[in-house]
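Heads up: the protein sequence lines correspond to chains A and B, in order. Residue numbers are given in our numbering: position 11 of the first sequence equals residue 11, and the series is strictly consecutive. Our numbering runs 1000 ahead of the 1-based position in the second sequence.
The hints are simulated quantities; they were obtained by calculation from the structure and are not laboratory data. One should not assume that every hint holds.
Unchecked claim - Here are the simulated distance ranges between beta carbons: (1) B:G1041 with A:Y181: 23 to 31 Å; (2) B:R1082 with A:Q241: 33 to 41 Å; (3) B:Y1356 with A:E42: 30 to 38 Å; (4) B:E1334 with A:K67: 22 to 30 Å; (5) A:Q188 with B:L1270: 55 to 63 Å; (6) B:Y1291 with A:K67: 26 to 34 Å; (7) B:N1002 with A:D183: 52 to 60 Å; (8) B:F1290 with A:E189: 51 to 59 Å; (9) A:D196 with B:E1334: 56 to 64 Å; (10) A:I2 with B:Q1399: 45 to 53 Å; (11) B:K1365 with A:D7: 35 to 43 Å.
Computed from a prediction, not measured in an experiment: that's the story for all the values here. Backbone N, C-alpha and C define an ideal beta-carbon position, used for all residues, glycine too.
Residues per chain are reported as follows:
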Amino acid sequence: MIVFEYDHTFDGLLSCVFFAYEQKKFPDLIFSESDQKPLFIEEQYYVDTEIEKSKRVWKALEKKLSKFARNMMLSVWLSELPETAMLLFRYIRKSIDHPQGIEMNFGDDDVLRIRDIAQKVATDAHKLVQFVRFQETVDGIWFAPVSPRYNVLSLIVPHFKSRYAGQPWIIYDTVRNVGLYYDTRTVQEISFSQKDLAELKSGKPGNEKLSDEEAFFQQLWKEYFQSITIKERINLKLQRQHMPKRYWKYLPEIS
Amino acid sequence: MNEKTLEKLKILADAAKYDVSCASSGTSRNNVKGGIGTASGWGICHSFTPDGRCISLFKILLTNHCIYDCAYCSNRRSNDVRRTAFIAEELAELTIEFYRRNYIEGLFLSSGVMRNPDYTMEQMLRVVKLLREVHRFNGYIHMKAIPGASNELVAQAGRLVDRMSVNLEIPSETNLKLLAPEKDYSSVFTPMRFIQQGMLESAEDRKKFRSAPRFVPAGQSTQVIIGATPDNDKQILTLASALYKRPSFKRVYYSGYIPVNTGDSRLPILPTPPLVRENRLYQADWLMRFYEFRANELVDDAHPDLDLDVDPKMGWALRHPEFFPIDVNTAPYEMILRIPGIGVKSAKLIITSRRYGRLTSEQLKKIGVVMKRARYFIVCRELPMQTVNELTPQYVRRQVSRKQKKIAAELLQYSIDWGE
Ligand code: SF4
Chain A
1 MIVFEYDHTF DGLLSCVFFA YEQKKFPDLI FSESDQKPLF IEEQYYVDTE IEKSKRVWKA
61 LEKKLSKFAR NMMLSVWLSE LPETAMLLFR YIRKSIDHPQ GIEMNFGDDD VLRIRDIAQK
121 VATDAHKLVQ FVRFQETVDG IWFAPVSPRY NVLSLIVPHF KSRYAGQPWI IYDTVRNVGL
181 YYDTRTVQEI SFSQKDLAEL KSGKPGNEKL SDEEAFFQQL WKEYFQSITI KERINLKLQR
241 QHMPKRYWKY LPEIS
Chain B
1001 MNEKTLEKLK ILADAAKYDV SCASSGTSRN NVKGGIGTAS GWGICHSFTP DGRCISLFKI
1061 LLTNHCIYDC AYCSNRRSND VRRTAFIAEE LAELTIEFYR RNYIEGLFLS SGVMRNPDYT
1121 MEQMLRVVKL LREVHRFNGY IHMKAIPGAS NELVAQAGRL VDRMSVNLEI PSETNLKLLA
1181 PEKDYSSVFT PMRFIQQGML ESAEDRKKFR SAPRFVPAGQ STQVIIGATP DNDKQILTLA
1241 SALYKRPSFK RVYYSGYIPV NTGDSRLPIL PTPPLVRENR LYQADWLMRF YEFRANELVD
1301 DAHPDLDLDV DPKMGWALRH PEFFPIDVNT APYEMILRIP GIGVKSAKLI ITSRRYGRLT
1361 SEQLKKIGVV MKRARYFIVC RELPMQTVNE LTPQYVRRQV SRKQKKIAAE LLQYSIDWGE
């Protein structure tokens, strides 16, 4: 079995593609330090990440794949699923080798899988757009803890940036312990200490951290949520189908 | 804002809840400088209540005072309920505070009729103006046009909001008059027509001057109550399809009747709201809007009501076995769309993928085709399976209806895409 080891970055993956075509060696497995080392290695190569090479691969893909398909690839990358490196590698290889490209061939398993994962990631990002809940803090920053399934924070920035252009906010991924802070001008990455994280994870920052009115508006929202429900039509299954339980953690109307 | 706000909110949300519409789709707005809010073009649901319905807009009445006496409404003047009203400033501020927290996409403002229709519209307009002009709110606003309000007020509203709606409520005029003596079809259709005219004019103007104001850019919608009157599905769908022919009409909502007022002999006593029927109507509506079905293909004089046991597309297919089987590897898109178990998405995928080779049933499954239902109606690469013609429509109906009944009752009531 031929294996590549890389640094687990997207540029690293594209460098693997470059390396493979250059050396005419195609891996059965691509792994990084954090993965378990495979058994039965016959040939192993450590592939250095080189931005120049990765750029060239991407350029080549721009000719073969639509923007939509390239975005799907990036989404698949954000899924962080163990299969992504090899799946993307195969997809890229098929795109390059096939004269007309393979983008539209949904009879191909890899093409379908790329679409499926990309859709899951998009759904997860959309759920964030739906279920992010901001709380107003004493220092006037609007704070929202989230726990998405995939690493999708970067995908939702444009939406919240334009919607709340004049409102500084933090959207914080409590699973990956990384957040985005928008100061009404630019967005930057932040991360909190482990101690603060514990409090954040509960989704209920201490009252001294929240603005005077925050609790009142949460209560209003909770009451609204109850009053707008039609008792004769209760259908909890349907509710859960649209709003899976895993997203309930930070919803003031339910918790 | 204080404790009283909380009380008002409870009463006026409770009184607003029977209006089904909550969609926030159809316009995109970018943030205005120094303002707050955008509209994304497709609807976003921010929560789902225990009845499984979407909360996209802050759906609320300005007041539940009403001078009218519609039999099907809990706000009618002859009811002894607690009455209250928001102050315009209070409601505008509440909307903004909810919006800032990402609870909502915007406001859906409706109202009981205070004093007279014009007075009511003026009060509603004040809220909308505060939002747009003082708070510089650029999110979504849906506003009810009060039947009987003057054109001038409807015109003012139309320039500020994204969508307007006038509810028909009752699918035939005779029954409307019976249940809502102060209303008739002209009080509903007049503002509808006026809204349409405003939209068309604004579209014309905007062709000439790009800066000409938009008028109800997300179009209009209406709602009909199902099961409060003996009107059948044929009447309802014919009405809906006539409305959809108007360029401004985006949605017809169907609302299964819930008896809010007991002891009115003009209204039926229903043990449970007609949810399955309501679901079938949404499915039929969907077929008319996205699958190019005509109302008279779904219901006719021989079948004036939709079949509750199978969905309307399956129902049509079973009445027309001569149309099948369809070869998915060669048939045109419109025909593939007619196959039960194949939606718009999978139909499109079939068309693109079959260029690379004939599709097998395994591939169809992966593409998203529900083979359990489609199998009776198609041929693909393998030998033809047993189709509806060999098995008979009666047999297929038995096979698919057992499953469907259960699903329809439990889950699908509202699995209609809320965001259009
Ligand atoms: S006019 Fe509207 S609020 Fe008043 S009773 Fe009729 S339906 Fe109810």
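Quick rundown of the hints versus the structure:
1. Range check, G1041 of chain B to Y181 of chain A: Cβ separation about 27 Å, and the 23 to 31 Å hint holds.
2. For R1082 of chain B paired with Q241 of chain A, a C-beta distance near 35 Å keeps the hint of 33 to 41 Å intact.
3. Distance hint check for Y1356 of chain B and E42 of chain A: the Cβ-Cβ separation is about 34 Å, which falls inside the suggested range of 30 to 38 Å.
4. Between E1334 of chain B and K67 of chain A the Cβ separation comes to about 29 Å, which falls inside the hinted range of 22 to 30 Å.
5. As the Cβ distance of Q188 of chain A to L1270 of chain B is approximately 57 Å, the hint placing it in 55 to 63 Å holds.
6. Remark: the range hint 26 to 34 Å for Y1291 of chain B to K67 of chain A is upheld by a beta-carbon distance near 29 Å.
7. Between N1002 of chain B and D183 of chain A the Cβ separation comes to about 33 Å, which falls outside the hinted range of 52 to 60 Å.
8. Taken as a hint, the range 51 to 59 Å is violated for the pair F1290 of chain B and E189 of chain A, whose Cβ atoms sit roughly 42 Å apart.
9. One distance hint, 56 to 64 Å for the beta-carbon pair D196 of chain A and E1334 of chain B, holds here, with the actual separation near 58 Å.
10. The hinted window of 45 to 53 Å between I2 of chain A and Q1399 of chain B holds, with their beta carbons roughly 50 Å apart.
11. The given range of 35 to 43 Å is respected by K1365 of chain B and D7 of chain A, whose C-beta atoms sit roughly 38 Å from each other.
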